[in-house]
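J.: So you can see what is in the structure, the chains are spelled out below.
4 protein chains.
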Amino acid sequence: MVVVLQNNLSEKELENIKKKIRKLGNIEIREVKGDKYRILGLIGDTSSLDQKEITCMSGVEKVMHVQEPFKKANRILNPQNSVIDILGNKIGGKKLSIIAGPCSVESEEQIVEIAKNVKSGGASFLRGGAYKPRTSPYSFQGLKSEGLELLKIARKETKLPIVTEIMSPKLVEKFQEDVDVIQVGARNMQNFDLLKELGKTNKPILLKRGLSATIEELLMSAEYIMSEGNENVILCERGIRTFEKYTRNTLDLSAIPAIKKLSHLPVIVDPSHAAGLWWMVEPLTKAAIAVGADGIIVEVHNDPENAKCDGAQSITPKRFNKLMNDLKDIATAVGREI
Amino acid sequence: MVVVLQNNLSEKELENIKKKIRKLGNIEIREVKGDKYRILGLIGDTSSLDQKEITCMSGVEKVMHVQEPFKKANRILNPQNSVIDILGNKIGGKKLSIIAGPCSVESEEQIVEIAKNVKSGGASFLRGGAYKPRTSPYSFQGLKSEGLELLKIARKETKLPIVTEIMSPKLVEKFQEDVDVIQVGARNMQNFDLLKELGKTNKPILLKRGLSATIEELLMSAEYIMSEGNENVILCERGIRTFEKYTRNTLDLSAIPAIKKLSHLPVIVDPSHAAGLWWMVEPLTKAAIAVGADGIIVEVHNDPENAKCDGAQSITPKRFNKLMNDLKDIATAVGREI
Amino acid sequence: MVVVLQNNLSEKELENIKKKIRKLGNIEIREVKGDKYRILGLIGDTSSLDQKEITCMSGVEKVMHVQEPFKKANRILNPQNSVIDILGNKIGGKKLSIIAGPCSVESEEQIVEIAKNVKSGGASFLRGGAYKPRTSPYSFQGLKSEGLELLKIARKETKLPIVTEIMSPKLVEKFQEDVDVIQVGARNMQNFDLLKELGKTNKPILLKRGLSATIEELLMSAEYIMSEGNENVILCERGIRTFEKYTRNTLDLSAIPAIKKLSHLPVIVDPSHAAGLWWMVEPLTKAAIAVGADGIIVEVHNDPENAKCDGAQSITPKRFNKLMNDLKDIATAVGREI
Amino acid sequence: MVVVLQNNLSEKELENIKKKIRKLGNIEIREVKGDKYRILGLIGDTSSLDQKEITCMSGVEKVMHVQEPFKKANRILNPQNSVIDILGNKIGGKKLSIIAGPCSVESEEQIVEIAKNVKSGGASFLRGGAYKPRTSPYSFQGLKSEGLELLKIARKETKLPIVTEIMSPKLVEKFQEDVDVIQVGARNMQNFDLLKELGKTNKPILLKRGLSATIEELLMSAEYIMSEGNENVILCERGIRTFEKYTRNTLDLSAIPAIKKLSHLPVIVDPSHAAGLWWMVEPLTKAAIAVGADGIIVEVHNDPENAKCDGAQSITPKRFNKLMNDLKDIATAVGREI
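Chains as they are written, first to last, in full-length UniProt numbering: chain R, 1 to 338; chain U, 1 to 338; chain H, 1 to 338; chain P, 1 to 338.
So that you can see chain R by itself, here it is in the shape it has in the complex (with noise of 0.2 Å):
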């Protein structure tokens, strides 16, 4: 860490700050005398340092940090790749993790039906909204438990492992149960409480990017799971808001070497949510799989002009079984399989 001082301080208050800082951890400080700035270099475990109680010391100008405020997800302390296993199928190795499945649980024959046109085209696991956050309290909120007794019936059916959003901590332990890959929404990156609680499970959690979260704030987010425990953590990137509306977000694909360079975490892409546009998914999945992604989650419905929520970003089975096709090459190209 590096902290710029104002440059007319006395001894006195240069040995106030630096006393103040040491009672903060074990740290070391070096310092260096610029023309306009004096500059303090920390040195030892800075991550448990709280840059704000450095920026607000009389005389500091500000707070620069060198080091990433994780630890768990960095890859620095864990060079190789995770790799985890659910139920046999690995996320994170050279084999590519495909998730596909409606928005919305919306019945039985929809369900199973949908979970056999896509295992049938090449996915590995099933996902579906049981629980659903909607922007308008009177849209459809999901069939909610009902939701997860279906999906369970599709997982028998199919052995597809199953992944749906859980919204809050009181279900944590149902979730647990009946669930193989617990997913975190975007809404919810930084629901703290949620992700405190999923780090006491064993559950893979897959951790969605806030639609404003920086990279490093997501890998903090996948910190609060791992620091309790719980170090599956799969990444997901779905889109940024930004001032373009013709997507509904901007999927950001520069993320994902990013993260690739930053952590040993695995990390899918979805093309669904992230454009909004079911002509889009096509594309943004061969991009994100180009670009290195461990997989994909992508919203696939057997009937999308009558799904009850985000038809207009499902593709149809038949559209799927193409994608995964035409996937092949690319994942051969960059070094992967399907």
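Since the hints were derived computationally from the structure, they do not count as laboratory data. Think of the CB as a built atom: it goes at the ideal place given N, C-alpha and C, for glycine as much as any other residue. Errors might be hidden in some of the hints.
[As the list claims (entries may be wrong)] Chain U regions said to be covered by chain P (calculated; three or more residues, Cβ under 8 Å):
id: 1; region: 214-221
id: 2; region: 238-250
id: 3; region: 273-282
[As the list claims (entries may be wrong)] Below, in silico cross-link-like pairs of lysine-lysine (DSSO-like), each with a Cα-Cα straight-line distance of 27 Å or less:
id: 4; chain 1: H; residue 1: K245; chain 2: R; residue 2: K62
id: 5; chain 1: P; residue 1: K62; chain 2: H; residue 2: K318
id: 6; chain 1: R; residue 1: K144; chain 2: R; residue 2: K203
id: 7; chain 1: U; residue 1: K72; chain 2: U; residue 2: K260
id: 8; chain 1: U; residue 1: K261; chain 2: R; residue 2: K170
id: 9; chain 1: R; residue 1: K245; chain 2: U; residue 2: K170
Guided by the hints, dock chains U, H and P onto chain R, whose structure is given.
T.: Chains U, H and P in isolation, oriented as in the chain R frame:
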């Protein structure tokens, strides 16, 4: 709601779309045929329509909403400003509401002293964090329930109603008992489970705008609370995330007149979290009052340099007193009092 | 175009608005009366209407456009992809266009050597900055006209057409004579005087998207050039400004399928300026081709560490060769060739 | 400037980096060795260093600047507020500067009438667009040189100095002769060729912040003008582009105290273009004065409904008069006069 259709639809396809739309609600349809597009005007209570369900119908190019999607929060249905009474202190009337206190509750001495300070300076509410949302799991997370107890002591000493943040639906019952105004932080603005549970209480809710939430989304989150029965919602602008990094967030003061036009709910401004810089609190507070806010929530700490969090954005009681004094003339100039 | 009116207008006010609208162009008006609003559907060539002139009429609540405001750039009017031929090299056809070279032209040895390198690696155009837009007036501003001369020497040696950036309308004549493709940089995307003058030439124009320009605005800037008679416009996505600071800009790859849907113009990607990090050039180039771009413009420098500007985002000729090689399979997978 | 190095560098690599840095300028280097990183503190006049040239050196992880990169615009070197005198009217002193007039000059009657109106309301400058930057080539582009002539007539009639926008370096000479304050619009904030030519004149330049320009970039653009010799620069905040679409742009009022801290240059606010909504002009103007701006530039039109452009954001002379009146108390409250 206006539905734009492709121009090459057959009569049968057109009829099919109209039939589906009519099934969604008690809606009348008017049709306008242009050169390149065909337009359907939907008439009736379109706020219960799910725009996405129409967007995904085949032949639909785009859907534009004309009427706002919120009802209970809408000024059209409730032209008078809402005024919320909290132990005799009103928010939303002619008198400006000043909520002041430390970022975190740290000790009995600290919170009681600051409470007395801000009361004598002119505050009518005491703020203070007991449960703290922090980006890093390694940062101080607040004194939690002990913090609530200390707030209650400070309330007893000063008669100031207390305002503090809730982070989990598990704590709604406790907060309902202990707290006078329950704050929902920016990160939880779309924690819909929490909003719904708060909607079942009768407590005033201070709802902060999310970092990347539009004004419409903020009002839809208020609608979540109100649709469950609790209409005592106070909105708060506290800065949005933009490309500019000199300030922590960009305070969007245009949101105040916008919200005043769209909604009858009171709206206040948080100048401390917006900029993240104590020396900006004074000019931003003045601007907030000049632009028409119903009050402010501001961080005051008796020892900012040693504050447990966010000291850099806290002002001293002395500066707070001066600010309250300076505000008087501006309040008068815009027809308010302090 | 759809005009939303307040519902409390008198017949006279309504007639007044209609009369004014009819005066703006050859427009028919259809009316739809809803519960809370009244809607006018405008029929005819609304792209010449000025939305703002209607917005300010008293009684008008908002104006929403249905048809895109660009004409010559619109795919509706020109469904076939435009292919631009530059000295026998086509941009926009099956074969991908690779434009490569240094950020700045520094010396004859440098530019000739890099030109030979990138040609043997597979590039079909040479890029190189002679006039450099720099944030600071104290940074190196390019070799200017001497740089153009050096580019011409490199062209003579390698037969590669040259692509370089123009910054002032005063230089249009000179560039028209010296250069094969004239580049308009992101900062000048809405330098309308420059665009108009370029529209009067017959040179292919490489138009880069502005840092905060929407896709529609990019197409409107292309329209500026095309409306003056020059239809040889190549678009370029090079990253937009968002809150994320890990990369210099956020590469918006969704813009490629969006532009392909809206327009017939070719579109390429600049992976070097987007991220500002050389090690991201490889994955982002792969993603750009996978998503459907017609080519790339990439910075290659034989000595990045001593480059006069932007060395941090340049790759070596060796890496460039490898990248071209790796791209082949991805190109084939998406039906293109290299 | 602080240079962060990888920790695994050999002595030789380290020496190599230091040698290269020393070659860039008269710089001393101090070294701090941490656990995971090594840090170099550069001492001396680092504002002439090109951060990018250091970033690309092999072994360099990142470069952080401590000192601001602008010099002539920097308050450190010129602690007193700059006051600019234009025909006896001062910008930057105790008296607030009010610049008012129509978006476009439309006719002699129009501009003379509005000029008289705003003068009697309290304006000390007349604004009016002669050359108009418009997103669409099919929109009204201004009366051009004829517009300048009409402005001169209005100046003669009212003695108000005139402020109007330049779009091309080709017109600098003409504007220097005809105009009192030359405005550079948001889209041309980084049109560096234009800035340099304006730097060679002695005219006051009103420099508007670009839609996606940081405060630092705005000051660097001022530096372009000042480094050529013209120090008469007036800055203008006019809204930045964010995800929020209720207002056309998001007015960043925090930029005012930020600029006041960083620079000695005067700074005004444009409430009309920021929101794009006439009914927001009044509250935003009040907020601008309360936050510490040196004045405003505001659109006033005698017939907004029939204005040739941007009527939706113009206020009538009557509203302008009332606003000027209402501003008095706020001005006094913040120690200014009107």
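J.: All hints, please: hold or fail.
T.: Evaluation of the provided hints:
Taking a C-beta to C-beta cut-off of 8 Å, the region 214-221 of chain U contributes 3 residues in contact with chain P, enough for the three needed, and the coverage statement holds. Restraint check on the region 238-250 of chain U versus chain P: 8 residues with Cβ-Cβ distances below 8 Å, three needed, restraint holds. By the rule of at least three residues with a Cβ nearer than 8 Å to a Cβ of chain P, the coverage given for the region 273-282 of chain U holds, with 4 such residues. Straight-line distance between C-alpha atoms of K245 (chain H) and K62 (chain R) comes to about 18 Å, which keeps the hinted pair within the 27 Å bound.
Proximity of K62 (chain P) to K318 (chain H) is assessed by CA-CA distance (about 24 Å); at most 27 Å being required, the pair is judged to hold. Proposed proximity of K144 (chain R) and K203 (chain R) is supported: the alpha carbons are some 20 Å apart, at most 27 Å. Straight-line distance between C-alpha atoms of K72 (chain U) and K260 (chain U) comes to about 14 Å, which keeps the hinted pair within the 27 Å bound. For the hint linking K261 (chain U) to K170 (chain R), the alpha-carbon distance of about 38 Å lies beyond 27 Å, and the restraint is violated.
For the hint linking K245 (chain R) to K170 (chain U), the alpha-carbon distance of about 37 Å lies beyond 27 Å, and the restraint is violated.
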